[in-house]
Each structure stands twice: as structure tokens, then as C-alpha cells.
Amino acid sequence: MAGNNPTSAEYIQHHLQNLTFGHHPEHGWSIAHSAAEAVEMGFWAIHLDTMGWSLAMGTLFIWLFRKVGKKATTGVPGKLQNAIEMVFEFVEGTVRDAFHAKNRLVAPIALTLFVWIFLMNTLKLVPIDLLPGLFAQLGVDYMKIVPTTDPNATMGMALGVFFLIIFYSIKVKGVGGFVKELSFTPFNHWLLIPFNLVMEIISLLVKPLSLGLRLFGNMFAGEVIFILIALLPFWISWTLNVPWAIFHILIITLQAFIFTVLTVVYLQGAHETH
Amino acid sequence: MNINLTLIGQMIAFAIFVWFCTKYVWPPISNALHERQKKIADGLDAASRANRDLELAQERADETLRESKGQAAEILEQAHKRSNQMVEEARDTARQEGERMIANAHAEIEQEINRAKEELRMQVARLAIEGAERILESSIDEKKHRELVDKLATEL
Numbered sequence: 003m004a005g006n007n008p009t010s011a012e013y014i015q016h017h018l019q020n021l022t023f024g025h026h027p028e029h030g031w032s033i034a035h036s037a038a039e040a041v042e043m044g045f046w047a048i049h050l051d052t053m054g055w056s057l058a059m060g061t062l063f064i065w066l067f068r069k070v071g072k073k074a075t076t077g078v079p080g081k082l083q084n085a086i087e088m089v090f091e092f093v094e095g096t097v098r099d100a101f102h103a104k105n106r107l108v109a110p111i112a113l114t115l116f117v118w119i120f121l122m123n124t125l126k127l128v129p130i131d132l133l134p135g136l137f138a139q140l141g142v143d144y145m146k147i148v149p150t151t152d153p154n155a156t157m158g159m160a161l162g163v164f165f166l167i168i169f170y171s172i173k174v175k176g177v178g179g180f181v182k183e184l185s186f187t188p189f190n191h192w193l194l195i196p197f198n199l200v201m202e203i204i205s206l207l208v209k210p211l212s213l214g215l216r217l218f219g220n221m222f223a224g225e226v227i228f229i230l231i232a233l234l235p236f237w238i239s240w241t242l243n244v245p246w247a248i249f250h251i252l253i254i255t256l257q258a259f260i261f262t263v264l265t266v267v268y269l270q271g272a273h274e275t276h
Numbered sequence: 004m005n006i007n008l009t010l011i012g013q014m015i016a017f018a019i020f021v022w023f024c025t026k027y028v029w030p031p032i033s034n035a036l037h038e039r040q041k042k043i044a045d046g047l048d049a050a051s052r053a054n055r056d057l058e059l060a061q062e063r064a065d066e067t068l069r070e071s072k073g074q075a076a077e078i079l080e081q082a083h084k085r086s087n088q089m090v091e092e093a094r095d096t097a098r099q100e101g102e103r104m105i106a107n108a109h110a111e112i113e114q115e116i117n118r119a120k121e122e123l124r125m126q127v128a129r130l131a132i133e134g135a136e137r138i139l140e141s142s143i144d145e146k147k148h149r150e151l152v153d154k155l156a157t158e159l
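Each protein sequence line maps, in turn, to chains A and Z.
Under our numbering, the first sequence has 215 at position 213, and the numbering climbs by one with no breaks.
Under our numbering, the second sequence has 14 at position 11, and the numbering climbs by one with no breaks.
Calculated directly from the structure, the hints in this document are not laboratory data.
Even glycine gets a Cβ: it sits at the ideal position worked out from N, Cα and C.
Among these hints, one or two may not hold up.
Said to hold, decoys possible - Cβ-to-Cβ under 7 Å is the rule here; a few derived chain Z residues that face chain A:
#1 N5
#2 F20
#3 F23
#4 Y27
#5 T67
#6 S71
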């Protein structure tokens, strides 16, 4: 928080601003001190909070699952192993249902996406002013802790998935097969090739866009609601943000699940020959 | 909310996490799960096999029991029969022995009687002769009358 009693608009603006580090035309390599400065940095800037928290969550995922995996017994599992195995089997089952080609990489991708996105989304349940307030005390002005409310994070993952789709489409069908698929569906006639191409390329490009924007939109909207609720007087705000947080437990899991399942479905499509 | 380098950073992070997950996270958990699955399946298999074995053993035990019961009954019956036979035989022998002894006794008694009769006859004859001698004193020629007396004795 910026202290000295900000207006509602300032409060909201402040909460939606990432901690940006980049090359400013006037100040050189520095941390942006305002939203305007962050915009002026253009593309060559990085959101330290998004990167930091997403890496932290990803590392937490890898560390936790690796720890359990290393000690995994084939006998009676402990509580932690049980929980991890539950998530693992859930993802494995989902992949087995939706993905039928032979590819050993898809299940780990799905597991990574599901748990990583879930953990990043979960940060949203941390009270809205707690961590930003803490960082403000340490002299860090901006802190947006939920990486999935940053389109860079969600689109980054979605583009990763997009490249995987392209890669496997070409790997399975060959360049010719892939181009042929783009040219001859949905209408199998040479006269309609241009029309098919436009349709298929749009549908291909829409896949990562819908993936990334769906997750971003859901998380961002939820975050904004939390911020708005936080503007209410403290003695009434809990009546709204407690139900909203409980509701968000569902949204968090659901969005992680949707992202994962759609990724698996898209990759299945990439392995299919029409 | 600006699109910037974070996008690339996130893609790289995604790639690294996927690689790490594929290499170090997925295999051990997957192995453990599948091994346990196999173990449980084996255990269930073994249990059902043991159950079948138990049933078989039970059946065999029942059969053996039934067989031995039958044998025991047979042996018992034979023993009964044999003992009955032995009793019967013993009774027969005893009866025969008794009969024989009775017959012997009878014969002996007969003999005794005959002997007593003979003696009695002799004594009677002598008494008769003595009596007659006393009556007739010496008037009787012993040789002469001897014949007569003997005849008398046999008639007695």
C-alpha cells in the first residue's frame, strides 16, 4: 500500500500493478516506480513478482513431489504420500481417458500444469493486503503475488503448450501431413484450400489464446472482486470475502483442471491423423 | 498488465519444470504406484489360490474322515461277529463236554450197579447156602447142591 490514505481508484490500481524491472528510456535498468514507468519500459521488462512467485510455486511442486517420490514405498503409504498419490492418480486417470497416443511426455506435462497452476492460483486465498503490506514494510512498493492474474504467466504457459502442439503435429504427421491437414479440413476439396487454411490456422491460433486468456480472465476477475471487497469497512468485508474465498477454492481447482484437460485434448488432436 | 519479457521467462520456467517433472518426479511415483498395484494384485491372487487350496484340503480331510469312519464301523462289526462266533463255539464245546461227562457218569453208575448186584447175588447165594446148611446141618452134599444153589443165585 502506498500509505497516506489512497483513494479507491489508487488502491485498486496499486494492487493491479506488478513489480516491474526493465530498461526505462530515461532511468536505464531499474525497478518501475509507477504504472506509467512500467508501460514506458515496453517489452524489455520483467515482472519480478510474477516470475518469483511462479518459480517458487513450481519449485515447491517439484520439491514436494520429488521428496515423496524418492521415499515412495510400495507398501502402506503415509499421509503425505497418500495425498500426492491421489493427485498423481487423478492426473494420470485424466490423461488416460483423454489421450490415447503413445507419448510418455504428456502425463508429466499434465501433472506439472495441474499442480503448478493450482499452487499459483492458491496464492489468491492469501489475504489481499497481507503480503503486499509486508513487502511495503521492506520497501518494495508493488507486489502482485498471484502469477495467474498476470497474462504474461498464463500466456507463457499457453504458448508453451502451443509450441508442443506444433511440434507433435509435425513430428507425428510430418510437415506435409500437417499442412495437408490444415488445407483439407473441414472441406476435402482443392477449391476450398484457402478457405480451409484460414479456418484451420485461426482455430490453431485460438487454442493457446483461449487457454491463456481463460485462466487469466478467471483469476483476474476474482482478484478484482477481492480488491473491491477489501475496500468495504473492515467489520463488513468478511461477510463477503469469506464466501467469495470459499467459492474460489472451487474456481482455483476447476481452472487448473480445465487448463490441464484442454492441454491434453489439444495434444491428443496433434497426435491424431484425420 | 503489460506483455513483456515475463512471457518468455514463464515459457522457459514451464519448459524447465516439465523437464524436471518428466525426469525426476514422474518415474519414481509412477513406479511406486504400479509396483504397489502389482503387489496388491499378486496378494489377491495368492489369497484366492490359498482359499482354493484350503477348500481342497478340507474336502480331502472330509473324505478321509468319512473313509476311516466306514473302516472303523466295519472293523467293529467284524469284531462283533467274531466274538459272537467265539461265544457260540465255547457254548457248543461246553455242552458237548457236559454231555460226555454225563454219559460217562451214567456208564460208571451202571457199572457200579451191576457190580453191586453181582456182589449182592453172591452174598445172597452164600447166605442161602449157609442158611440151608444150618437148617439141614451136614445132610447136604455140597457138591451135589452146589449146582442147585448157583441156579438159584442167578434167578435172584
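Query raised in the report: Going back to the hint list, which numbers does this structure go against?
Result: Structure breaks hints 5, 6.
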